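Residue numbers (full-length UniProt numbering), protein chains in the order written: chain A, 1 to 472; chain B, 1 to 472.
Any given hint could turn out to be false.
Unchecked claim - A short, non-exhaustive set of chain A residues, derived as facing chain B with CB atoms under 7 Å:
hint : residue
1    : G196
2    : Y197
3    : D198
4    : L227
5    : V353
Stated by the list, open to error - Per the computed footprint, the stretches of chain A lying under chain B, defined by three or more beta-carbons under 8 Å from a beta-carbon of chain B, are:
hint : segment
6    : 106-119
7    : 155-164
8    : 414-427
Claimed, not checked - Distance condition first, Cα-Cα at most 20 Å in a straight line; then the derived EDC-like pairs of lysine to aspartate or glutamate:
hint : chain 1 : residue 1 : chain 2 : residue 2
9    : B       : K355      : A       : E292
10   : A       : K225      : A       : D252
11   : A       : K65       : B       : D448
12   : B       : K225      : A       : D298
13   : A       : K65       : B       : E444
14   : A       : K42       : A       : E58
15   : A       : K419      : B       : E185
16   : A       : K225      : B       : D448
17   : B       : K225      : A       : E302
Everything labelled a hint here was simulated from the structure, so no lab data went into it. Since we're looking at a predicted model, the values are computed, not measured. Idealized CB from N, CA, C, for every residue including glycine.
There are 2 protein chains.
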Amino acid sequence: MTQSQTSLSQAELENQLKAIVGEDKVRTDADSLETFGKDWTKIYPPNPSAIVFPKTTEQVQAIVKFANEHQVALVPSGGRTGLSAGAVAANGEVVVSFDYMNNISGFNDMDKTVRCGAGVITEQLQNYAEEQGLFYPVDFASAGSSQIGGNIGTNAGGIKVIRYGMTRDWVAGLTVVTGKGDILELNKDLVKNNTGYDMRQLFIGGEGTLGFVTEATMRLTRPAKNLTVLVLGVPEFEAIMSVLNTFQTNIDLTAFEFFSDKAMRKVVARGDVPAPFETEAEYYALLEFEAETEGHIDQAMELFEKCMEEGWVLDGVMSQSETQAQNLWRLREDISETIAEWTPYKNDISVVVSKVPPFLREIEEIVTREYPDFEIIWFGHIGDGNLHLNILKPDDLAKEIFFEQCAKVSTWVFEIVEKYQGSVSAEHGVGMTKKAYLKYTRSEAEIDYMRAVKAVFDPNNIMNPGKLIDMK
Amino acid sequence: MTQSQTSLSQAELENQLKAIVGEDKVRTDADSLETFGKDWTKIYPPNPSAIVFPKTTEQVQAIVKFANEHQVALVPSGGRTGLSAGAVAANGEVVVSFDYMNNISGFNDMDKTVRCGAGVITEQLQNYAEEQGLFYPVDFASAGSSQIGGNIGTNAGGIKVIRYGMTRDWVAGLTVVTGKGDILELNKDLVKNNTGYDMRQLFIGGEGTLGFVTEATMRLTRPAKNLTVLVLGVPEFEAIMSVLNTFQTNIDLTAFEFFSDKAMRKVVARGDVPAPFETEAEYYALLEFEAETEGHIDQAMELFEKCMEEGWVLDGVMSQSETQAQNLWRLREDISETIAEWTPYKNDISVVVSKVPPFLREIEEIVTREYPDFEIIWFGHIGDGNLHLNILKPDDLAKEIFFEQCAKVSTWVFEIVEKYQGSVSAEHGVGMTKKAYLKYTRSEAEIDYMRAVKAVFDPNNIMNPGKLIDMK
Numbered sequence: 001m002t003q004s005q006t007s008l009s010q011a012e013l014e015n016q017l018k019a020i021v022g023e024d025k026v027r028t029d030a031d032s033l034e035t036f037g038k039d040w041t042k043i044y045p046p047n048p049s050a051i052v053f054p055k056t057t058e059q060v061q062a063i064v065k066f067a068n069e070h071q072v073a074l075v076p077s078g079g080r081t082g083l084s085a086g087a088v089a090a091n092g093e094v095v096v097s098f099d100y101m102n103n104i105s106g107f108n109d110m111d112k113t114v115r116c117g118a119g120v121i122t123e124q125l126q127n128y129a130e131e132q133g134l135f136y137p138v139d140f141a142s143a144g145s146s147q148i149g150g151n152i153g154t155n156a157g158g159i160k161v162i163r164y165g166m167t168r169d170w171v172a173g174l175t176v177v178t179g180k181g182d183i184l185e186l187n188k189d190l191v192k193n194n195t196g197y198d199m200r201q202l203f204i205g206g207e208g209t210l211g212f213v214t215e216a217t218m219r220l221t222r223p224a225k226n227l228t229v230l231v232l233g234v235p236e237f238e239a240i241m242s243v244l245n246t247f248q249t250n251i252d253l254t255a256f257e258f259f260s261d262k263a264m265r266k267v268v269a270r271g272d273v274p275a276p277f278e279t280e281a282e283y284y285a286l287l288e289f290e291a292e293t294e295g296h297i298d299q300a301m302e303l304f305e306k307c308m309e310e311g312w313v314l315d316g317v318m319s320q321s322e323t324q325a326q327n328l329w330r331l332r333e334d335i336s337e338t339i340a341e342w343t344p345y346k347n348d349i350s351v352v353v354s355k356v357p358p359f360l361r362e363i364e365e366i367v368t369r370e371y372p373d374f375e376i377i378w379f380g381h382i383g384d385g386n387l388h389l390n391i392l393k394p395d396d397l398a399k400e401i402f403f404e405q406c407a408k409v410s411t412w413v414f415e416i417v418e419k420y421q422g423s424v425s426a427e428h429g430v431g432m433t434k435k436a437y438l439k440y441t442r443s444e445a446e447i448d449y450m451r452a453v454k455a456v457f458d459p460n461n462i463m464n465p466g467k468l469i470d471m472k
Numbered sequence: 001m002t003q004s005q006t007s008l009s010q011a012e013l014e015n016q017l018k019a020i021v022g023e024d025k026v027r028t029d030a031d032s033l034e035t036f037g038k039d040w041t042k043i044y045p046p047n048p049s050a051i052v053f054p055k056t057t058e059q060v061q062a063i064v065k066f067a068n069e070h071q072v073a074l075v076p077s078g079g080r081t082g083l084s085a086g087a088v089a090a091n092g093e094v095v096v097s098f099d100y101m102n103n104i105s106g107f108n109d110m111d112k113t114v115r116c117g118a119g120v121i122t123e124q125l126q127n128y129a130e131e132q133g134l135f136y137p138v139d140f141a142s143a144g145s146s147q148i149g150g151n152i153g154t155n156a157g158g159i160k161v162i163r164y165g166m167t168r169d170w171v172a173g174l175t176v177v178t179g180k181g182d183i184l185e186l187n188k189d190l191v192k193n194n195t196g197y198d199m200r201q202l203f204i205g206g207e208g209t210l211g212f213v214t215e216a217t218m219r220l221t222r223p224a225k226n227l228t229v230l231v232l233g234v235p236e237f238e239a240i241m242s243v244l245n246t247f248q249t250n251i252d253l254t255a256f257e258f259f260s261d262k263a264m265r266k267v268v269a270r271g272d273v274p275a276p277f278e279t280e281a282e283y284y285a286l287l288e289f290e291a292e293t294e295g296h297i298d299q300a301m302e303l304f305e306k307c308m309e310e311g312w313v314l315d316g317v318m319s320q321s322e323t324q325a326q327n328l329w330r331l332r333e334d335i336s337e338t339i340a341e342w343t344p345y346k347n348d349i350s351v352v353v354s355k356v357p358p359f360l361r362e363i364e365e366i367v368t369r370e371y372p373d374f375e376i377i378w379f380g381h382i383g384d385g386n387l388h389l390n391i392l393k394p395d396d397l398a399k400e401i402f403f404e405q406c407a408k409v410s411t412w413v414f415e416i417v418e419k420y421q422g423s424v425s426a427e428h429g430v431g432m433t434k435k436a437y438l439k440y441t442r443s444e445a446e447i448d449y450m451r452a453v454k455a456v457f458d459p460n461n462i463m464n465p466g467k468l469i470d471m472k
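Next up, chain A with everything else stripped away, as it sits in the complex (with noise of 0.2 Å):
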């Protein structure tokens, strides 16, 4: 079973969820329908049974109890940010929300912890973290609205992962409620605590086809001091290599980024940002780093000057103020917005960061020699070896054209990850639209012992079905 397959009527259904949650916790309306039955890709039409807000782990284990009995199909859903389908009910399932589950509760000082509802906003959670004097350090472009769980079951990474990981370090402990409807509370915050199968870290990245996070106590950190931004010019891809081992192995970087000139121009276009200078490059790095001493900032200079004198740099500018280092993460940070009216086709792959050149040149080559009139926009965390790439429909061609082209590319980009032994989604998750290219990244015998791995904590198929992995 991939999709909902229960005998029950509509109406049997929201009457025994109502009886679960309240009557005003569940929805049915058009409106709640289409807009929580869809994350950020817009491939699938949204067709859920019900909406389901459940307020407890205790309601979501009533829920997973009623679903095993009846055989209905679940989807959770967080903020709705998701770029892969992972949190779409296109099949008529019922969509459990974690909007009512939004407590953060529980800090304490001493472990630097919090206990989080999986409803929490990533920015809730940081800016709560900020009042305590303290940092949540897991940041990107959807912050605003997606949520802890959803970034739990997707393990979330964004613009800091050199230094601070993805969401999947920052979790201390987990309660879940599996497929079979049992409350699992997976670590207990512990820092060391080895007893056996880590299960807390299948959950994480799960996608939520094992079970639903309902609450997690997460880490926090202390702040970051006197963040620094460089962007530097460089002459050709290889030479963003050379900076990035040249400061890594001597600054903990807290981020490294790269973008290509042509992005950049575009986002310098909308007149927000400056040029960071004037110097032609064709290719810029940015780096982050705490300048906690002015000896920090001297080591960073030296580093700069010995990558000018190498030839791997053009051109240079250093931050001086906090204003100034925001500006310069617009740079990078805008071009995912700034290239949206080209209805750009979408990538996110990685591999290891040493065999990133080859491998970008090896997709260029390809997409150029068979599509010479798209204009390929990189950008990514390629301290992670995460590139994301974009392709920009040509204006005169028109949307179904392009993106059948496009499939045709997914196809070589996805061999190509083949080869360099890539992961086809660094950060994004599989969902659906992933799904038919797991092979790539993950052998067949990888992918039997998954769907053996989901069988044993939800036997009937019934969470979050049909993503991920097909059930055989």
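With chain A fixed as given, assemble chain B onto it according to the hints.
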């Protein structure tokens, strides 16, 4: 089945193993059976059928396939430094030693990763990293003998966890042979790879019960700069926590250890290292940090003075050289060896950091009340909430009676662990010695899921059977 149930004769067994690995890579002499049949625990008499020394992942696969065919139980064997009898072969198992899979290869400076056979010794990797100008930061007392495969199987921790995490955090990719005999390449060394269940995490800390790790790609990092050690005398246990919080909010500590005055006196009495200062204190905290610049030293001094003013610290000393730093470390690191002559009862337990003071007090109270003659020695990685409880045998008490009484202590300790939602094994794993106590940290439901997960990877229960969990 928890023991080997093969119907093969000993001669058939040996011949078939020799056919896989070669004549000289199967040993059945008494010395080898004794040596390779046990780890550092001395509770279960070793009784393996044979020791086999594969040289490749493919040979391990052939051994596992053979074992499945003939119901031969296999026990993985690394440096045999385990403290939970996770690598003991007491029931006629075949021991698979990784001693001949000790090759380090494929170093990549850009990725800062290196490929290790499961039999690479921890210190060998540490030295290799140093030769490349890099650092492998997971470190503990048995680093000179323990092997990477064993470290991964037990998710080894040690003295730098507060900064660098456990072994889990340094495994970029794993080659494993599952109990079904499949070779899986898990995670392909990627930093970012959100393509479903991260099964690598199950094998880390899985104690060889799902399959055997045969090779691993390990991450390295930049060397620590000018490591500086502070030893502070504190008047009462709670003060250690205030000191920890004060420093941790301002400085990235690389270690935060504690030990009691009783422990320190015994180390100093051996005459190898002097007391840190004359002032008497009930407990000591040992802090380590990178003093990259003078500014860092000044900041540490300021925090030290603040702690003095608050009355949390009675006296302190800061290392001025590497030798001094090493001598201060010996106050902590020599404790285990020093107290060995008292045949100590040991336990390795953890709670969240904030609960350490009442947790420790409660254990002390019950032991002191019931056994007033027992001397308790505490030390541990308090920055991670990890305490090593040591009870010394009174000179006039017979060993047997002492161990009998300690069994009672164990039950009290684990009941208190459960009350504080702690871990019955912070870093030593479960193996055989903690198996009966697993329920104090893991719920029955969790343990059932663990059994089901094991059955997915090892349906015939031939991989280290009887360790960690018993199959129903």
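A:Y197 as chain B interface residue, shortest Cβ-Cβ below 7 Å: holds (5 Å)
Pairwise hint evaluation, A:D298 against B:K225, where the allowed Cα distance is 20 Å at most: holds (17 Å)
Taking only the CA atoms, is the gap from A:K65 to B:E444 under or equal to 20 Å? Holds, at about 19 Å.
Taking a Cβ-Cβ distance under 8 Å as contact, does the segment 106-119 of chain A have three or more residues in contact with chain B? holds (count 6)
A:G196 was flagged as interface toward chain B. Is the shortest Cβ-Cβ separation under 7 Å? OK, holds: A:G196 within 7 Å of chain B, min 5 Å.
Take a quick look at whether B:K355 and A:E292 sit within 20 Å of each other, Cα to Cα. Answer violated: B:K355 to A:E292 is near 32 Å, above 20 Å.
Given that the segment 155-164 of chain A was listed as covered by chain B, double-check it with a C-beta distance under 8 Å for 3 or more residues. holds (count 3)
Is it true that the CA of A:K65 sits at most 20 Å from the CA of B:D448? Since the Cα atoms of A:K65 and B:D448 sit roughly 18 Å apart, the hinted pair holds (cutoff 20 Å).
Sort out whether B:E185 lies within 20 Å of A:K419, counting only the CA atoms. holds (15 Å)
Given a cut of 7 Å on the nearest C-beta pair, is the interface hint for A:D198 held or broken against chain B? holds (6 Å)
Using a Cβ cutoff of 8 Å, are there at least 3 residues of the segment 414-427 of chain A near chain B, or does the coverage claim fail? Holds, because 7 residues of the segment 414-427 of chain A bring their Cβ atoms closer than 8 Å to Cβ atoms of chain B.
Satisfaction of hint between A:D252 and A:K225, Cα-Cα up to 20 Å: holds (12 Å)
Checked against the numbered hints given earlier, the structure breaks hints 4, 9, 14, 16 and satisfies all the rest.
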